[in-house]
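Engineer: Below, each chain spelled out in residue letters.
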Amino acid sequence: MSLENKYNLKSPGVKRLMREARELAEPTEEYFAHPLEDNLFEWHFTVRGPPSTEFEGGFYHGRILLPSQYPMQPPNIILLTPNGRFEVNKKICLSISGHHPESWQPSWSIRTALLALIAFMPTPAAGTIGSLDYTPEERQILAKKSINWECQICGKIAETLSSQSKSSNITQEEASLIQQIALKAEEDANRKEKSADKKEDSDETNVRQRVTINTPSAETINEPITDVIMETEVSINPSTVDQVFNVVVWVIVFVIVLLIGRRFFLLE
Amino acid sequence: MGDESKNSSEEPSQVNQDELILAQQRQIEKEISESIPLVGEMEPISSLNSEYANDEVYLEKIKDLSSKYKHIRRTRPDGNCFFRAYSYAGLERLLDKKDEFNAFYKQAEESKDALVQLGFQQFTVEDFYDIYMEVLKRVGDLTDVDDAKKTLHFLFNEQGYSDYMVVYLRLLTSGQLQKDQDFYSCFIEGDRTVADFCHQEVEPMYKESDHIHIIAACAALNMGVRVVYMDRGNNKSVTEHDFPEGCTPLVHLLYRPGHYDILYP
Ligand SMILES: [Zn+2]
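As given, the protein sequences belong to chains S and Y, one line each in that order. Residue 21 is where the first sequence starts when you use our numbering, and the numbers rise one by one after that. Residue 39 is where the second sequence starts when you use our numbering, and the numbers rise one by one after that.
Chain S on its own, in the form it takes in the complex (with noise of 0.2 angstroms):
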């Protein structure tokens, strides 16, 4: 392998990339990935749609950047396949990826990254940075049409995962890990749109959230995000009615102005 010779097998992030690379060596039912052929620092990946969601059938394929400093930086993900849930080509925001470094942690892996990133498909964008809110029917248009989709380094990527039912040993630990860590970007998403004020409130989100994961029925995620919309229109309010006021003293302060000008002018 000709990476052996450019890197120096010293450095701990290399010998840890290394690692992950004979780990993730064997594609399996859900995800696969591997590093470029001449850069152990890019990967690219396949991710399968998850089940029983509007992604089910798709392949998405794409890049995992990684910092000169992994493990201790997170790696980016950036998405090639068109989904409708995040943009393509632009560094996406899971809480563990590039755009939250402080909740990454070192001991988790790209393989973590991949779980999360498909664990966090399904939930809704809610305003975070590289986030799309197609409707479903559009998702699953676009999930069909991922089949045929081609990677110009990989070629077709459909074929790239395993086709027999091997799963990936996903453990306990890792799964409620994983659902863990794609609730932390949702809360971070749901903090950055109340207004700052809103701090006694986060206690609460946050066991309501976890009530929410628990009974994973679609009419029970959406409870978060009507709270939310609930919330900015409470904090929209008194701002409706400053501006409602602004309005009532400008077009006061106009008509006097206008009374004023013309009694000059019939003055003169």
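Don't read these hints as lab results, they were simulated from the structure. Using N, Cα and C, we set each Cβ at its ideal position, and we do this for glycine too. Some hints could be false.
Take a look, some chain S residues computed to stay more than 10 angstroms from chain Y by CB distance [claimed, not checked]:
hint	residue
1	Gln160
2	Lys164
3	Cys171
4	Gln172
Simulated restraints on C-beta separations [as the list claims (entries may be wrong)]:
hint	chain 1	residue 1	chain 2	residue 2	range
5	Y	Lys108	S	Asn109	28 to 38 angstroms
6	Y	Gly157	S	Glu76	28 to 38 angstroms
7	S	Pro71	Y	Gly284	55 to 65 angstroms
8	S	Asn109	Y	Gly296	36 to 46 angstroms
9	Y	Gly284	S	His54	52 to 62 angstroms
10	S	Pro87	Y	Gly296	49 to 59 angstroms
11	S	Ala178	Y	Glu79	55 to 65 angstroms
12	S	Glu49	Y	Gln238	24 to 34 angstroms
13	S	Ala178	Y	Gln155	34 to 44 angstroms
14	Y	Pro282	S	His54	27 to 37 angstroms
Dumping the calculated EDC-like pairs for lysine to aspartate or glutamate here, alpha-carbon to alpha-carbon at most 20 angstroms [said to hold, decoys possible]:
hint	chain 1	residue 1	chain 2	residue 2
15	S	Lys110	Y	Glu57
16	Y	Lys144	Y	Asp134
17	Y	Lys187	Y	Glu239
18	S	Lys30	Y	Asp134
Fit chain Y with the ligand to the given chain S structure using the hints.
Structural biologist: Chain Y with the ligand in isolation, oriented as in the chain S frame:
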């Protein structure tokens, strides 16, 4: 495809503002990082005076500190300073006591399996464990104590090795907290579980250490530490606290709000 109107971010200015502040913060942190070595050279306690010219409260306390300690070794203030200072100072002392070093080495060798059992991903834990053991082995194999200390200093200033030491120590601390969660849960504020706390405050790099981190780290490594507190408080002397209480501390650290350095008697 790129239909811009579909982008659901409703408050772009707010988001950009946050991003901007974060980016700025990171830039400042980076600049600090680059100017201070991960673990510095030994300096006399009096070198602290220049940081507090005209500050009577601190100057008084430095005088008190210098009656107890002769030297200080500064560490990089990047949020990892407790873990870095504690492990560096611990190993440095152990190199003087071959028997204790060997016992420490043996205990470290056995530490990985417990972490895997707690549910940490085996191959990433192994990644950090391997480097951790490599550092212990490289310094332990040198018969000349001065050579060993020089190697320790060199490795702790190689970002790759140094950060890996910190990560593994963070994992051991997290493991200790989760193993004894009945005991530690009462120290955690709010409704977070011990596991939540570990994922958010212990395992990520650059997260600062509190009492609870120190207690758990000392239990995990079975190595006591005395922390000497120096702040703006009214008393004229510095205050000390041993972890665990009543131990004969191997390591001495100076705490100033937000930061730990190493002290030498
Ligand atoms: Zn590709």
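Engineer: Indicate, hint by hint, whether the structure satisfies it.
Structural biologist: Right, here's what the structure says about each hint:
no., hint, result
1, Gln160, "holds, 15 angstroms"
2, Lys164, "holds, 14 angstroms"
3, Cys171, "holds, 16 angstroms"
4, Gln172, "holds, 17 angstroms"
5, Y:Lys108 - S:Asn109: 28 to 38 angstroms, "violated, 59 angstroms"
6, Y:Gly157 - S:Glu76: 28 to 38 angstroms, "holds, 29 angstroms"
7, S:Pro71 - Y:Gly284: 55 to 65 angstroms, "holds, 58 angstroms"
8, S:Asn109 - Y:Gly296: 36 to 46 angstroms, "holds, 40 angstroms"
9, Y:Gly284 - S:His54: 52 to 62 angstroms, "holds, 55 angstroms"
10, S:Pro87 - Y:Gly296: 49 to 59 angstroms, "violated, 26 angstroms"
11, S:Ala178 - Y:Glu79: 55 to 65 angstroms, "holds, 58 angstroms"
12, S:Glu49 - Y:Gln238: 24 to 34 angstroms, "holds, 32 angstroms"
13, S:Ala178 - Y:Gln155: 34 to 44 angstroms, "holds, 39 angstroms"
14, Y:Pro282 - S:His54: 27 to 37 angstroms, "violated, 48 angstroms"
15, S:Lys110 - Y:Glu57, "holds, 16 angstroms"
16, Y:Lys144 - Y:Asp134, "holds, 17 angstroms"
17, Y:Lys187 - Y:Glu239, "violated, 31 angstroms"
18, S:Lys30 - Y:Asp134, "violated, 28 angstroms"
Checked against the numbered hints above, the structure violates hints 5, 10, 14, 17 and 18; every other hint is satisfied.
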